[in-house]
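Let's have the full structure, built from the sequences with the hints guiding it.
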Amino acid sequence: MAVFDLGRLLLVLSEEQVEFIIVGGVAAALQGAPVLTQDVDILYRIEDGNLDRLERALSRLHAVARGDSRNLPFGKSHLMTTGHKLATTDAGALDVLGSINDGLLYDDLIGSSDVLEVTDQRVRVLSLRRLVELKRALARPKDIAMLPVLEATLRERERED
Amino acid sequence: MLSSRTMAVPLSTSLPVPATTDAGKLDYDENGVDLSLVRYSLSLTPTQRLKAVENFMNAMASVRTATQLPAGSTK
Chain Z
1 MAVFDLGRLL
11 LVLSEEQVEF
21 IIVGGVAAAL
31 QGAPVLTQDV
41 DILYRIEDGN
51 LDRLERALSR
61 LHAVARGDSR
71 NLPFGKSHLM
81 TTGHKLATTD
91 AGALDVLGSI
101 NDGLLYDDLI
111 GSSDVLEVTD
121 QRVRVLSLRR
131 LVELKRALAR
141 PKDIAMLPVL
151 EATLRERERE
161 D
Chain D
1 MLSSRTMAVP
11 LSTSLPVPAT
21 TDAGKLDYDE
31 NGVDLSLVRY
41 SLSLTPTQRL
51 KAVENFMNAM
61 ASVRTATQLP
71 AGSTK
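Order-wise, the sequence lines are chains Z and D.
Oh and the first sequence: position 107 is 107 in the numbering used here, straight run, nothing missing.
Oh and the second sequence: position 66 is 66 in the numbering used here, straight run, nothing missing.
Worth double-checking, as some hints may not be accurate.
[To be verified] Only part of the chain Z face toward chain D is listed, based on derived beta-carbon distances under 7 Å: (1) L30; (2) V115; (3) T119.
Simulated from the structure, these hints should not be mistaken for laboratory data.
All of these numbers come straight from a predicted model, not from anything done at the bench.
From the three backbone atoms N, C-alpha and C, an ideal C-beta is built for every residue, glycine too.
The structure is reproduced here in structure tokens:
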């Protein structure tokens, strides 16, 4: 049975100094929304040095393409693309995203992220407000289904401030 | 934004909204979201929130193993 160790996952990414933003369901949860998800989504910066660092981190995590019996690792040429790379790692399922929402890159969203301290690591997490905006824009049934919880969380946070 | 296999689960949407309660004022918003759950989640630290997600992932992995579903399956 796979054992998920999200603290280790973040530790390895941080130790390798990968530039990334946590997005998706884990971002929502870290920002305080009562939601659960089955994998971690990260949006990484597509830049030569960062791709090297990301490749090293994925290697340390023994990341291979999910659902592919050949257990293929992710090489730099693959990471250079803006597509979604779905990985299985020894610390849990990890979606490694070059872009989200039809072409938004790391540099487009870094200004909409917060730095949170999580398991002694300082990690960038997409802001709840931006997450809501992106999910509204996607308008897929599963995103729409989650919106009321995210919006309620946003309202509660703003009420507390 | 989420991959096709990702299933984020809004905890509160599965809860019915009672029409009345003896306990007094309802703590649901107009969409039926349980605000007490939201406030509880907001009271946790980011590390505690991550741990909650991790516990759920491990529970799902246990269920998947017990039912011998292939890795990556969400059904």
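Consistency of the hints with the structure:
1. L30: Status holds, d = 5 Å.
2. V115: Violated: closest Cβ of chain D sits about 10 Å from V115(Z), beyond 7 Å.
3. T119: 5 Å, holds
Hint 2 alone, counting from the list given before, is not met by this structure.
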